[in-house]
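Participant: Chains as they are written, first to last, in numbering that gives the first Met the number 0: chain A, 0 to 304; chain B, 0 to 304; chain C, 0 to 304; chain D, 0 to 304; chain E, 0 to 304.
These are computed hints drawn from the structure, not numbers from a lab.
Treat each hint with caution, since some may be false.
[Unchecked claim] One-sided and incomplete, this derived list gives chain E residues near chain D with beta-carbon spacing under 7 Å:
(1) Leu12
(2) Gly60
(3) Ala64
(4) Gly68
(5) Gly86
(6) Val89
(7) Arg93
(8) Lys177
(9) Ile181
(10) Arg218
(11) Ile242
(12) Ile246
(13) Thr249
(14) Ala252
(15) Ile256
(16) Asn269
Glycine is no exception: its CB is placed at the ideal position from the N, C-alpha and C atoms.
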Amino acid sequence: MIQRKKKNWFYMLFIWHGSVLPQLLPRLSLLLVFSMIVVHFNGTFYDYKIPLNPAPFTLFGLAIALFLGFRNNASYDRYWEGRKLWGALVIDSRSLLRQALSLTTYDSKSPQIREFTSILIAFAYALKHQLRHTNADIDLEKRLPSEVFERSKSIGFKPTFLQYELANWVKKAKLEGKIDAIGQMAMDANLNQLSAIVGGCERIHSTPLPYTYGVLLHRTVYLYCFFLPFGLVDSLGWLTPIITVFIAYTFVAFETIADELEEPFGTEPNDLPINAMCLTIETTLSEMIGEPVPSPPQLEGYILD
Amino acid sequence: MIQRKKKNWFYMLFIWHGSVLPQLLPRLSLLLVFSMIVVHFNGTFYDYKIPLNPAPFTLFGLAIALFLGFRNNASYDRYWEGRKLWGALVIDSRSLLRQALSLTTYDSKSPQIREFTSILIAFAYALKHQLRHTNADIDLEKRLPSEVFERSKSIGFKPTFLQYELANWVKKAKLEGKIDAIGQMAMDANLNQLSAIVGGCERIHSTPLPYTYGVLLHRTVYLYCFFLPFGLVDSLGWLTPIITVFIAYTFVAFETIADELEEPFGTEPNDLPINAMCLTIETTLSEMIGEPVPSPPQLEGYILD
Amino acid sequence: MIQRKKKNWFYMLFIWHGSVLPQLLPRLSLLLVFSMIVVHFNGTFYDYKIPLNPAPFTLFGLAIALFLGFRNNASYDRYWEGRKLWGALVIDSRSLLRQALSLTTYDSKSPQIREFTSILIAFAYALKHQLRHTNADIDLEKRLPSEVFERSKSIGFKPTFLQYELANWVKKAKLEGKIDAIGQMAMDANLNQLSAIVGGCERIHSTPLPYTYGVLLHRTVYLYCFFLPFGLVDSLGWLTPIITVFIAYTFVAFETIADELEEPFGTEPNDLPINAMCLTIETTLSEMIGEPVPSPPQLEGYILD
Amino acid sequence: MIQRKKKNWFYMLFIWHGSVLPQLLPRLSLLLVFSMIVVHFNGTFYDYKIPLNPAPFTLFGLAIALFLGFRNNASYDRYWEGRKLWGALVIDSRSLLRQALSLTTYDSKSPQIREFTSILIAFAYALKHQLRHTNADIDLEKRLPSEVFERSKSIGFKPTFLQYELANWVKKAKLEGKIDAIGQMAMDANLNQLSAIVGGCERIHSTPLPYTYGVLLHRTVYLYCFFLPFGLVDSLGWLTPIITVFIAYTFVAFETIADELEEPFGTEPNDLPINAMCLTIETTLSEMIGEPVPSPPQLEGYILD
Amino acid sequence: MIQRKKKNWFYMLFIWHGSVLPQLLPRLSLLLVFSMIVVHFNGTFYDYKIPLNPAPFTLFGLAIALFLGFRNNASYDRYWEGRKLWGALVIDSRSLLRQALSLTTYDSKSPQIREFTSILIAFAYALKHQLRHTNADIDLEKRLPSEVFERSKSIGFKPTFLQYELANWVKKAKLEGKIDAIGQMAMDANLNQLSAIVGGCERIHSTPLPYTYGVLLHRTVYLYCFFLPFGLVDSLGWLTPIITVFIAYTFVAFETIADELEEPFGTEPNDLPINAMCLTIETTLSEMIGEPVPSPPQLEGYILD
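Looking at chain A on its own, in the form it has when it is part of the complex:
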């Protein structure tokens, strides 16, 4: 579903990659102009030579390497854990439906199975809206049995409510003799797993990296770039602005990506396509019970976020 980007070594050098460069352009232009001024006055200021040389930049550089490396790893770990959790949601949804089909004696076309499937699908959408602080009602109304939807409207934390509905479905099947105690426990284990997924997403969402890290890193990077032309002008001369902007570009872009990945459930360009993943769940589960899958046009608009 997700298309791989072109990877030609020459092409990649000059591609205008839309996600980070545009927002950096004004800042980099500012820095370019500033570097040119520094070069023109040759590092002097009101007849006073700015006594900077490359030496302290190695010291700065160490601090930046420390911060940026740590920040980036921590952010990417959050991003990748978020991806794993949504992957686990796809896996777990399939497992639960498989169990509903093979551990109970319900027919795969029975209304009970359809109800279970619809709640499972709604669960994914409810989690998405929860994480993006958007209104889940439109998505839930389309999918949930109307009786369940009505009750869901007044609930603040919808994923937990829907999970409880799934548990109740299993309890009812047990009372009606459609599943035995062992089967119930096997499904209960997967419901536990569902709890763990919701909890993991909440954790990533509600606990950002300590803010102080971000502030410290940000200042170090930007002040580094601001002082850079003073340090390079003596040895590089007219090449200073080009080299300065290029070094600044890599550091600042790196910081910006790390910042986007930190909160992977948003709608920024480098965030996770959780909308597409909801659709994947809907498609696979519908296919498993022989329901019509969502139509392509509906799919189109979703694919990128």
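Guided by the hints, dock chains B, C, D and E onto chain A, whose structure is given.
Facilitator: Just chains B, C, D and E now, kept in the frame of chain A:
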């Protein structure tokens, strides 16, 4: 519940972030004055030139990079594991209540379910007070059935006591025929999980990083900053104090954050909001059994620690 | 099955290792010629001296170390996780067949066991074709019972379909009294594991590293190599082209390997031999039920991808 | 139980931390005297100038950063895994006793429960003595039923023997109808966990880091420190001994801590307080069954190792 | 069983550690002679001065740090995972025997228990021979019941065959009413674990690090060492050969250890003592059922590999 901080690149350069800077200010001011004195006497001391240059600072720098990188990663891992454990507590509390509701034949409005819920909620508060060495009695009295509270008063390690009460509740339900052996085992697995959470928190709390690491790092960082003006004064001149203080600020602030994160259950600004998490547990569990949720005013005061 | 490559320290210095060098050769030749031109004009350009020295290369170098280190670790983790998942598939297939043999009362020569085995084997091939976007029909037709194969033809996501067939097989065995509820649950746990494997492979396959990382790294590496001769020519003279090409070779080759490992399920030289692993599964499972193993000639052609 | 050390930034600069400095003092003094001699002869040796400058120290430094960073991370991982295993032992002991109390129909004051508790407590002490190569008999005699103790005396590997006694206890309870098959399996899962803890401790204890790593690192660090005064004397003059000793102190101390942490079950100052953890287990388990807890004086002597 | 090596700081400086140094000696001697020649001609070649200085070595050094750090971490992870897997085999063998003793109603002296034990022990030896490509027959004949041994002779992949024998043993016990369904499932879970161990060892064994990594690293390290004397001769003079050989020694030795650890199941000096671990399993299991443990003389010859 937790609000994201503003992230504007320009704004972040000058924000006065309250958590670390204030405690560092006196030390940084001291260093500023000291650097100015060094510049004024131009690196001489009683007519004797201090023969320092940037060369040994690269060697120092390596040692600092080694220590600070290691220390920071280890501290952040502790912080993030602490967060995971409390996240698991939220997850596990919900799972246990879901099991009490769907694996037993108790009505969701029965006194037994209310008792189980109240012990689960009290468990979270008891763990919080345990980790912060504060008195749990006020919080437990409000939530526990008075008979259980009375017995809890003489107990040293309250979370284990309350967990044992939960196990007894399940045992009683089994003896009364409200849950079968399989259901009991499924709940027992989640009680095991509860033990693992308590044990994990205790582990982080009772085993700090080896103290020697902290002392070594501290000395390296502070002596580095103290020698820095001597090393920079020859090449940077009057810029020395500014650059010195800025480099010192990044290193010292980094060490300070690492120190705060090391023990994530305290009440320092960068510690985990475990009080808010207790309230989250209370709110979700109350919602699940249709009890009134804690009122907003009560919530207000808690949100930050 | 996989042969270890020769490891003589002298031999390894001059081996022509076919996987990466050939594709890099044109670019490195280009760089060699370019460096020679730079040396010949001694870093001047239209009578204007290019004022580059080694100093800014340390700064560049830091950025490269940051990116390349991170990119390489992330790619290798993906590669190794992919390997673990396929290893888990081998393990899980064996476990499921062992359970079918020891937890049910079917005879090991019965048609039911053969059917179960054939679906398990087909499952691995279906996953391979899914990950490589190739047509699974030839492999499935050879292995699946024709009735199952017919139904599989219209299915988009075949591994899930086949897994569901396995679950149905267990359900049927339960209804026929060949396995008890406890045995069914034990097999269900391994079917959950199968879901996790499919989901993990999908995750790695469908979520590449954020594209922006690759672009940034690529640019930093190539521009670094392009500027390198200017920076070295003053101090190294006629040695510049050799040193330049050698440094460029290590960085560019490192980036290229990282790029190949990022998507481990393809057919590039450093990708995983998942075809060979399908064959391993087929061979072991056939041996376990006393079926003839696939003939060596068939094996030959597969061994490398 | 474990008291946090004082953390005042000024105090920490001058604290005499007893665990590492004393053993390093003779070596550092030696280096100080050696550096002074080097300064006095100004880097000459029999009228021959030692031609060292800071340049090769950056190369050395890279090697040290590589080794020391790796060594330290690997050692700390071993230390922390050891801590996790003992934490898991505390958790698992509590869980097993909770299960013995809530899954069986034994009264909490019955001799069977007391016997089970005493074996669990003895298990922790047996593991401690196993890991420290000390004689377990005094500790076991005090705690075990005399009949079990007699049989334990001839056994080489006592933790496995005691674990088997626990399994037998459960088997007997099953045969007497005090626990059902499901309960037995739940306890068996925790006995598996106990095996994993013993095995993990054995693994860390019996497989040190490859010895060659230690030797290589040791040589690199000490030769680096020995050459350092030659490299610094030209630029630093009379400051050389101070700077040399300080840099040496950080590197050598870092290596020493890593060495201590590598084997975390010993009795060196930075090792794990496993004696205190045995006592924690004894205290909590005794409290759970209403037995008198070990008296404070006994506790006092144990707290530090 | 494994004795700790002596750790005296002075002693460690001069110890002749046999595992790596001997194989490196010829290469290092070659480099020493080569460096002396370079010094003698003072870096000139046919009257032409080789224009190398320390500057490009920092760039080289970055590449080496990148490769060597990554390679070493990846190799050590493989080594340590291999160790964990064999540790898990020890743990799992004990757990399976404990279950055979406590979950079945067989007497601990019955022939069935002895048969089960012998297959478990043979399993470890079969895995060892599988990983070392040696003939398992001598070890298996001594331990297996002759009927099982005969059938094992024609099997290619013996560990899986023996594991299947264990599963059959449990199935037979179930059919004879010696174990219930729940007990069978508990043992089945540990048999799954056994599969995971075999699969993990196979994975490490059959998938080395991508070969290209090794080649690239090897070249970078050796060419670095070859160029080193040219870069140092101007500043270090007659000290060049000593410093060169020492730096080369650390880098080359580091690469050599990483190479040995990559495949931990071989018989090189730094590989895992899996023969000793087979013996540990044999000893502990024999002790558990009261069989005579293998005699010391037999033990002697095994202890080192």
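Participant: Would you mind marking each hint as holding or not holding in the structure?
Facilitator: Against the structure, the hints:
1. Taken as an interface hint, leucine 12 of chain E checks out: its beta carbon lies about 6 Å from the nearest beta carbon of chain D, inside 7 Å.
2. Proximity of glycine 60 of chain E to chain D holds as hinted, the smallest CB-CB distance being about 5 Å (cut-off 7 Å).
3. The criterion of a C-beta within 7 Å of any C-beta in chain D is met by alanine 64 of chain E, whose closest approach is roughly 6 Å, and the hint holds.
4. About 6 Å separates the beta-carbon of glycine 68 of chain E from the nearest beta-carbon of chain D, less than 7 Å, and the hint is met.
5. Hint status for glycine 86 of chain E: holds, given a least beta-carbon distance of 4 Å to chain D, under 7 Å.
6. The closest approach between the C-beta of valine 89 of chain E and any C-beta of chain D is roughly 6 Å, which is under the 7 Å cut-off, so the hint is satisfied.
7. With its C-beta approaching chain D no nearer than about 6 Å, arginine 93 of chain E sits inside the 7 Å limit, and its interface hint holds.
8. The criterion of a C-beta within 7 Å of any C-beta in chain D is not met by lysine 177 of chain E, whose closest approach is roughly 13 Å, and the hint is violated.
9. Below 7 Å, beta-carbon pairs count as interface contacts, and isoleucine 181 of chain E has one with chain D at about 4 Å; its hint therefore holds.
10. Using the Cβ-Cβ criterion of 7 Å, the hint placing arginine 218 of chain E at the interface with chain D is not satisfied: the shortest such distance is roughly 18 Å.
11. Taking 7 Å as the C-beta cut-off, the interface hint given for isoleucine 242 of chain E holds, the closest approach to chain D being about 6 Å.
12. At about 6 Å, the closest approach between the beta carbon of isoleucine 246 of chain E and any beta carbon in chain D falls short of 7 Å, and the interface hint on this residue holds.
13. Interface restraint check for threonine 249 of chain E: the shortest CB-CB distance to chain D comes to about 5 Å, inside 7 Å, so the restraint holds.
14. Of the supplied interface hints, the one on alanine 252 of chain E holds, with its beta-carbon coming within about 6 Å of a beta-carbon of chain D, less than 7 Å.
15. Of the supplied interface hints, the one on isoleucine 256 of chain E holds, with its beta-carbon coming within about 5 Å of a beta-carbon of chain D, less than 7 Å.
16. With a least beta-carbon distance of about 5 Å to chain D, the hint placing asparagine 269 of chain E at the interface is held under the 7 Å criterion.
Taken one by one, the earlier hints fail for this structure at numbers 8 and 10, listed in ascending order.
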